[in-house]
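As given, the protein sequences belong to chains V and R, one line each in that order.
Note that our numbering has the first sequence beginning at 36, numbered continuously upward.
Note that our numbering has the second sequence beginning at 22, numbered continuously upward.
Watch out, some of these pointers could steer you wrong.
As the list claims (entries may be wrong) - Incomplete in silico selection of chain R near chain V, CB under 7 angstroms:
| # | residue |
| --- | --- |
| 1 | G78 |
| 2 | R98 |
| 3 | V101 |
| 4 | N107 |
| 5 | D111 |
| 6 | V120 |
| 7 | F125 |
| 8 | L127 |
| 9 | R130 |
| 10 | R133 |
| 11 | W195 |
Said to hold, decoys possible - Distance ranges between label pairs, derived from CB positions:
| # | chain 1 | residue 1 | chain 2 | residue 2 | range |
| --- | --- | --- | --- | --- | --- |
| 12 | R | G126 | V | R291 | 20 to 30 angstroms |
| 13 | R | L274 | V | R290 | 35 to 45 angstroms |
| 14 | R | Y34 | V | L216 | 55 to 65 angstroms |
Simulated from the structure, these hints should not be mistaken for laboratory data.
Just so it is clear, the structure is predicted and the values come from calculations on it, not from any experiment.
Note that beta-carbon positions come from the ideal geometry of N, C-alpha and C, so glycine has one too.
One letter stands for each residue in the lines below.
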Amino acid sequence: MRVFAPPSMSLRFVPVWRRNLLVWRKLAIPSILGNLADPMIYVFGLGYGLGSMLPEVGGVPYIAFLAAGMVCSSTMNSATFEAMYSAFSRMHVQRTWDAIMNTPVDLDDVVLAELAWAASKSVLSGVAILAVVWLLGLSNSVLSLWVLALVPLIGLTFGALALAVTALASSYDFFMYYFTLIITPMSLLCGVFFPVEQLPAAFQAIAAFLPLTHAIAIARPLLLGHIPSDAVLHVLVLLAYAAAGFYAATMLFRRRLLK
Amino acid sequence: MAVLAAHNLRKSYGGEDVVAGVSFGIQAGECFGLLGPNGAGKTTTLRLCLGLIDPDGGSVELMQRPVPGEARPARARVGVVPQMDNLDPDFTVSENLLVYGRYFGLSERVIRERIPQLLEFAGLAARAESRIQTLSGGMKRRLTLARALINDPDLIFMDEPTTGLDPQARHLIWERLKQLLAQGKTIVLTTHFMEEAERLCARLAIMDRGRFITEGSPRELIVRHIEPHVIEVHGDGVMNWADREAATLALRLEKSGDTVFCYAADPAPLLASLSLRQELRYLHRPADLEDVFLKLTGRELRD
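From just these sequences and the hints, can you work out the full model?
Structure representation (structure tokens):
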């Protein structure tokens with residue numbers, strides 16, 4: 036059975052990625068504004084509102100602490116949203132994938148294209164927040180430029196995980212489980228809004244396994260001008276989640292669509 | 022030259038044989054019809070031929086390449102008009118063709134050259150910049166046909182191409198399919214419209230419960246399976262008449278609802294009997310493919 040074969044990777048995914056880009060270009064302005072609005076409300080609301088009541092966190096103003104969390108979590112949300120709701124629309128509702136698979140492009144190419152597209156869209160979100168962080172002067176270290184390389188990796192990781200969920204979804208409602216059970220807890224456990232060290236030991240142990248923790252463990256020191264410790268380990272964890280998610284997604288989509 | 026050949030093709034789902042040992046060959050330039058009630062296994066057969074699913078047994082050669090092993094290069098020479106419209110709703114008419122051409126690895130220049138010709142062929146030249154939502158059902162179907170031609174295929178699979186269309190739209194599609202055949206294209210068509218199969222297909226197979234139950238030209242199938250005359254009778258007392266008189270005058274009778282179908286080689290005695298029964302109304306016509314289809318697959322509903 037072909038289900039368990041490793042994903043076949045080739046540049047045939049590019050025309051599918053370009054298809055999604057062409058759709059996005061028609062809606063680019065509202066899409067960018069939408070991507071920015073939500074995290075900005077958090078940055079200003081929590082950063083200035085809550086921040087004004089807090090002493091410094093880890094030696095920096097709260098809003099500067101929050102910046103890394105917002106870059107990582109908006110990248111995560113954007114990739115997740117695209118790989119779930121939008122990919123599901125294309126696969127199940129519009130039957131766009133069916134049309135594509137009648138050409139020399141096959142399912143593995145489509146899945147790779149969806150992953151690449153989810154990551155691309157999340158880069159727009161992540162970089163948009165990063166630009167605001169720079170404009171507000173919340174980070175002025177040259178090291179923060181490295182976050183530009185981190186953001187695509189975060190997008191790939193969460194895009195791949197979300198695609199595996201999409202492969203199992205029977206309707207849009209299914210995605211609420213993933214948001215409620217995985218994404219929201221991750222936002223609260225992984226150091227977006229407060230240091231992981233503030234949590235009870237058991238939660239800290241859980242957080243250590245979650246990919247968002249590792250993304251923030253790289254992004255936060257970089258934005259604050261330090262070299263992250265154990266950066267290689269954190270990158271490897273993210274890569275492992277991305278690879279496992281992509282392989283699971285490919286297998287699950289094959290099981291669903293090639294029978 | 023065979024453009025498609027299937028040998029003892031089998032596929033089952035959950036222990037049920039959806040395609041249960043199907044063999045056929047299709048020569049370049051012919052129009053082959055695959056007829057069958059809903060759930061007969063037509064669409065699954067097409068998906069097997071395209072290499073979209075793996076067979077449980079048997080083999081397929083598409084454009085002389087083994088499928089699914091070499092499905093990718095084989096599909097580069099094939100066009101598909103699927104049963105359900107899956108045009109890109111976010112794009113205009115010409116963008117749909119452009120984006121689809123890219124999936125075949127065609128250069129931008131080649132695609133842009135072909136788009137005006139295809140729009141002309143599909144009668145959509147004036148709608149190049151229209152959004153998909155503004156098209157009628159017939160226009161969408163023609164655009165789907167144009168999309169299937171973007172790679173200038175040798176073989177076109179059409180899965181129920183005129184289902185849901187009004188007669189005008191249907192006739193226009195038939196017209197275009199004849200043009201494609203005249204250009205030397207090969208067409209494999211699934212349908213449950215007998216008229217469509219009779220008009221277009223030189224050869225057809227009737228499929229039921231995963232098997233081909235008969236195969237031949239429309240004329241051959243009618244001669245082989247059915248009496249040449251059909252008299253459809255209805256009206257008060259028709260069942261009584263059928264049992265007492267028609268049963269001895271017709272070669273075969275079929276009752277469906279309040280209508281009796283009398284099949285006969287010589288219709289004269291039946292017509293004479295009917296002329297004495299003013300309360301019965303009847304239609305005398307030559308036997309057609311639909312009679313063959315209903316005889317072989319039964320009159321009960323399929324879902």
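Q) Given V101 of chain R as an interface hint, is the shortest Cβ-Cβ distance to chain V below 7 angstroms? A) holds (4 angstroms)
Q | Agreement of hint L127 of chain R with chain V interface, Cβ distance less than 7 angstroms | A | violated (10 angstroms)
**Q.** Pairwise beta carbon distance, G126 of chain R to R291 of chain V, judged against the given window 20 to 30 angstroms
**A.** holds (26 angstroms)
Q) Should the interface hint for G78 of chain R be scored as holding, given a Cβ-Cβ cut-off of 7 angstroms against chain V? A) violated (14 angstroms)
Q.
Is the interface hint satisfied for V120 of chain R? The criterion is a beta-carbon contact with chain V at less than 7 angstroms.
A. Hint holds; V120 of chain R Cβ to chain V Cβ min 5 angstroms, cut 7 angstroms.
Q: Identify whether the interface hint at R133 of chain R stands, where standing means a beta carbon of chain V within less than 7 angstroms of its own.
A: violated (15 angstroms)
Q: With chain V as the partner, please determine if N107 of chain R meets the hint condition of a C-beta pair closer than 7 angstroms.
A: holds (4 angstroms)
Q) Hey, does the W195 of chain R contact hint survive, CB to chain V under 7 angstroms? A) Not OK, violated: W195 of chain R not within 7 angstroms of chain V, min 22 angstroms.
Q: Double-check F125 of chain R for me: the hint is only fine if its C-beta lies closer than 7 angstroms to a C-beta in chain V.
A: holds (6 angstroms)
**Q.** Cβ separation of Y34 of chain R and L216 of chain V, checked against the hinted range 55 to 65 angstroms
**A.** The hinted range 55 to 65 angstroms is violated for Y34 of chain R and L216 of chain V, with Cβ atoms some 32 angstroms apart.
Q.
Under 7 angstroms is the threshold here; is the Cβ of R98 of chain R close enough to any Cβ of chain V for the hint to stand?
A. Nearest chain V Cβ about 10 angstroms off; hint violated.
Q: For the hint on D111 of chain R, just tell me whether its beta-carbon gets within less than 7 angstroms of chain V.
A: holds (4 angstroms)
The structure fails hints 1, 2, 8, 9, 10, 11, 13 and 14 (numbered hints given earlier, in ascending order).
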